[in-house]
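> Same order as they appear, the protein sequences are chains A and B. Final position of the first sequence in the working numbering is 240; the numbers increase by one with none missing. Final position of the second sequence in the working numbering is 463; the numbers increase by one with none missing.
Note that these hints are calculated values from the structure, not bench results. Keep in mind that this is a model prediction, so the values were computed, not measured. Check the hints yourself; a few may be wrong.
For each label pair, taking beta carbons as the anchor points, the in silico distance ranges come out as [as the list claims (entries may be wrong)]: (1) E99/A <-> V459/B: 25 to 33 Å; (2) K390/B <-> D144/A: 38 to 46 Å; (3) V210/A <-> P320/B: 20 to 28 Å; (4) D421/B <-> K138/A: 44 to 52 Å; (5) P279/B <-> G120/A: 46 to 54 Å; (6) V450/B <-> E208/A: 30 to 38 Å; (7) L451/B <-> E142/A: 48 to 56 Å; (8) D144/A <-> A323/B: 23 to 31 Å; (9) E423/B <-> D133/A: 26 to 34 Å.
Every residue gets a Cβ at the ideal spot worked out from N, C-alpha and C, and that includes glycine.
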Amino acid sequence: MDKTVPDLNSAVAGIEDGMVVMVGGFGGSGAPIELIHALIDRFKATGSPKNLTVVNNNAGNGRIGIAAMIDAGMVAKMICSFPRSADPRAFTEKYLAGEIGLELVPQGTLAERIRAGGAGIPAFYTPASYGTDVAKGKPVAEFDGKHYVQERWLKADVAILKAELADTLGNLTYRKAARNFSPLMAAAAARTVVQATRIVKPGDIDPEQVITPGIFVDAVVEVADAKQEEALMRQGVAYA
Amino acid sequence: MSQKLSNAQIAWRAAQDIEDGAYVNLGIGFPEMVAKFQPPGKQAIFHTENGVLNFGEAPAEGEEDWDLINAGKKAITLRPGAAFFHHADSFAMVRGGHLDVAILGTYEVAENGDLANWSTGPKGVPAVGGAMDLVHGAKRVAVITDHVTKDGKPKLVKKCTLPLTGVGCVTRVYTSLAVLDIENQRFVLREKLPTMSVDELQALTGAELVLPNTIGDLVAPEL
């Protein structure tokens with residue numbers, strides 16, 4: 001069994017119109033820029049995939065990555081906790097024009113909804129957002145004298161993630177704080193596609209060091225010279 | 241009106257209450273300043289929502305590693321004994337009662353402990369981040385803030401008018417004029433600027449102050 005795919009285009013081939021796509025990363029750390037840009041290339045060439053629901057902590061920065069997907073017109077809705085950034089033009093313009101949807105989710109609730117999606121837990125209760133506008137319409141229950149809000153699991157058709165090392169079985173390590181949502185998303189998506197800085201053979205990652213076990217991963221593609229979103233931002237790169 | 245503490249001095253005052261070895265989350269922006277003013281011999285361990293414990297100061301310009309950032313997306317460094325973890329673990333630390341202190345900024349804080357610090361109303365793009373999680377679970381939830389708004393209106397109020405971040409969650413408030421605890425749904429005055437009378441302070445506060453027998457002087461060094 002070998003989960004390696006030869007190039008970025010084949011890695012993003014299964015992403016279709018209307019899908020829910022989880023995108024790893026918190027700001028620029030862990031953002032799978034090359035996979036995102038490969039998806040934009042396909043959209044430009046074929047008009048698909050469009051009408052996507054994108055799950056990420058943020059809603060893009062500058063004119064690259066998720067912001068470039070939004071600029072290109074591929075995204076119908078964002079599910080995120082913080083749709084602001086150093087340069088939030090792409091999302092802000094479309095949001096204020098009513099051209100993109102937003103489901104605003106507290107960050108810990110977002111993480112736990114994704115975790116629950118991957119763990120087969122359809123709903124859970126959290127204290128976060130109780131008594132606030134964000135909890136409107138959601139069931140509330142009292143446990144041991146305190147109020148909690150019911151939240152539902154969040155699953156995706158596809159997750160696109162960035163890892164440091166992958167082996168050909170899909171076992172992953174991450175670099176520093178680039179881990180963030182990715183291990184949760186890997187489990188919550190029906191298909192998980194990973195760009196890794198290096199792909200090694202089984203056994204070359206110490207099992208003690210594996211953060212995401214390969215069972216959660218479907219495809220890995222090597223991107224040896226992966227770009228960092230923040231570095232591209234600072235160079236003023238625009239992709240869309 | 242008497243002089244007031246600068247933001248740095250408010251942050252300094254909040255830092256004095258952080259115990260050695262405490263696990264602390266600082267909200268993005270102004271609260272991040274608290275880390276600069278840890279008293280000698282007291283070493284807090286700072287948590288950031290995006291999956292780092294025990295981070296240190298910002299690196300020198302040009303030395304940034306953009307895979308190593310805090311919740312405000314600013315570059316950080318690691319101290320010996322740092323740890324990385326994913327977002328679900330990070331918020332287990334937050335909601336699970338494992339943090340000793342969370343220090344946040346605010347637009348308004350009410351005498352019942354309600355906090356409004358994420359939205360100034362329906363205009364623009366709403367963004368909440370980790371604030372609604374952070375106000376639950378930490379053993380102490382403190383707020384640092386100017387005592388009044390730029391227009392001179394009280395930020396400490398009877399009831400919040402802005403959208404809430406959390407209900408009944410704040411336990412202590414450090415302002416430019418005073419330190420207050422929230423107890424039994426009231427503001428209890430612990431310290432005030434020595435140059436300011438209780439009446440002057442009350443006039444700048446939107447809820448009635450409870451006055452204990454001893455009220456300390458709020459004094460901070462020049463920073």
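> Hint by hint, which ones does the structure fall short of?
1, 4, 6, 7
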